[in-house]
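Going by the UniProt record's numbering, the letters in the sequence shown line up with residues 1 to 212, in that order.
No lab work stands behind these hints: they were computed from the structure.
The beta carbon of each residue, even a glycine, is placed where N, CA and C say it ideally should be.
Take the hints with a grain of salt, since some may be wrong.
Claimed, not checked - Quick list of in silico lysine-lysine cross-link-like pairs, DSS-like style, CA-CA up to 30 Å:
1. Lys90 to Lys134
2. Lys123 to Lys134
3. Lys123 to Lys195
4. Lys74 to Lys90
5. Lys90 to Lys123
6. Lys90 to Lys195
7. Lys134 to Lys195
8. Lys134 to Lys74
Claimed, not checked - Beta-carbon label-pair distances, calculated as ranges:
9. Ala38 to Asp119: 13 to 23 Å
10. Asp119 to Gly35: 47 to 57 Å
11. Gly75 to Ala163: 15 to 25 Å
12. Gly128 to Gly35: 32 to 42 Å
13. Lys123 to Ala38: 41 to 51 Å
14. Arg59 to Lys123: 25 to 35 Å
15. His95 to Gly75: 12 to 22 Å
16. Leu122 to Glu93: 15 to 25 Å
17. Ser156 to Arg59: 29 to 39 Å
18. Gly35 to Gly10: 15 to 25 Å
19. Gly10 to Asp119: 31 to 41 Å
20. Asn118 to Leu69: 39 to 49 Å
21. Asn162 to Arg72: 28 to 38 Å
22. Asp142 to Asp27: 18 to 28 Å
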Amino acid sequence: MSGVAIVDYGINNVRSVRNAVEYCGFDPVVTHDAGAIADASHVILPGVGAFGDAMSNMRARGIDEILELHVREKGKPFLAVCLGMQLLAKTSEEHADDGVLHRGLGWFDADVLRLMPNDQALKIPHMGWNMVAKERNHPILDHIRESNLAFYFVHSFAMRCNAPEDVVGYAQYGQQVTAIIARDNIAATQFHPEKSQDSGIELMSNFLRWNP
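Work the whole structure out from these sequences, hints included.
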C-alpha cells in the first residue's frame, strides 16, 4: 500500500485537502475507485455542500460500500473533514422540512443538528477561527500545544454524539460544538485542518503518519 486516497464523491472540494497532503510530503490521489482506495495507506473524506446530496452521490457511486469494506472492516486509517465528519452520523436534520431525516453512514452513534447558539449576535453559518478544548489525547493531536488548538470552521450544522467517549475535542460557539471525534482507526474534524495553517498542517501530518 502506498499513497493517500482523497475520496471524490462529485460535490466535495478536494483541492485544498490535496494541497495540504502534498505539503506534508505525501502523494495523494483524488478518486472514487475501489482499487485506488484499497491500494492507499490512508483515506481522507473531505466535505462541502448538503448532507442529502452528498449521501446520494456516495451511494450512487458505491462509495459507502467501498469505505465500509476498507475502513470499517479492514481498518485503514481514515480522516473525515467538515461535512465528511457529519456523514459518519446516523441522521441529519439538514433540509428535513418534511420531518424525514437524512440517513448517514451510521458509523457513530450520533445525529447532526442545526446550530442554535444561545447568543443571537452569533451568526450562522459559524465561520472563522475557534479554539478547541481537548477532552482526551489522540495521535492526530500529538505535538500540538493546547494553546495552539485553533482551527478554521465553516458550518451550520454540528454532530451531537450519544457516546461521550467518541469525542476528542469541543469548540464553543454559543453552545458546545463537537469538533473532533475518533474511534479505533477513524478520526474526524468538524473544522478544516487544511485551512487551519500551522496547527492544521500538524494535525494532517499526524494523521498521515498514524498507524492505529
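A quick look at each hint next to the structure:
A distance of roughly 24 Å separates the Cα atoms of lysine 90 and lysine 134; the hinted pair therefore holds under the 30 Å criterion. A C-alpha spacing of about 24 Å is found between lysine 123 and lysine 134, which places the hinted pair at or below 30 Å, so the restraint holds. Taking the CA atoms of lysine 123 and lysine 195, the gap is near 20 Å; set against the 30 Å cutoff, the hint holds. Between lysine 74 and lysine 90 the CA atoms are separated by roughly 21 Å; this keeps the pair inside 30 Å, and the hint holds.
Proposed proximity of lysine 90 and lysine 123 is supported: the alpha carbons are some 26 Å apart, at most 30 Å. Distance restraint check for lysine 90 and lysine 195: the Cα-Cα separation of roughly 27 Å lies within the 30 Å cut-off, and the hinted pair is therefore satisfied. Among the hinted pairs, lysine 134 with lysine 195 is consistent with the structure: their alpha-carbon atoms are about 20 Å apart, no more than 30 Å. With a C-alpha separation of about 28 Å, the suggested pairing of lysine 134 with lysine 74 holds against the 30 Å cut-off.
Taken as a hint, the range 13 to 23 Å is violated for the pair alanine 38 and aspartate 119, whose Cβ atoms sit roughly 47 Å apart. Between aspartate 119 and glycine 35 the Cβ separation comes to about 49 Å, which falls inside the hinted range of 47 to 57 Å. Separated by about 19 Å at the C-beta atoms, glycine 75 and alanine 163 satisfy the suggested range of 15 to 25 Å. Our hint of 32 to 42 Å for glycine 128 and glycine 35 holds, since their Cβ atoms are close to 39 Å apart.
Hint check: lysine 123 to alanine 38, Cβ distance near 42 Å, so the stated range 41 to 51 Å holds. Separation of arginine 59 from lysine 123 is about 33 Å and conforms to the stated range, judged on CB atoms against 25 to 35 Å. A hinted range of 12 to 22 Å for the beta carbons of histidine 95 and glycine 75 is inconsistent with their spacing of about 33 Å. Judged by the Cβ atoms, the range 15 to 25 Å given for leucine 122 and glutamate 93 holds: they are separated by roughly 19 Å.
Look at serine 156 against arginine 59: about 23 Å separates their beta carbons, and that is not inside 29 to 39 Å. As the Cβ distance of glycine 35 to glycine 10 is approximately 18 Å, the hint placing it in 15 to 25 Å holds. At about 36 Å, the beta-carbon gap between glycine 10 and aspartate 119 stays in the expected band of 31 to 41 Å. Between asparagine 118 and leucine 69 the CB atoms are about 42 Å apart, so this pair conforms to the stated range of 39 to 49 Å.
At about 19 Å, the beta-carbon gap between asparagine 162 and arginine 72 misses the expected band of 28 to 38 Å. Take aspartate 142 and aspartate 27: their Cβ atoms lie about 22 Å apart, and the range 18 to 28 Å holds.
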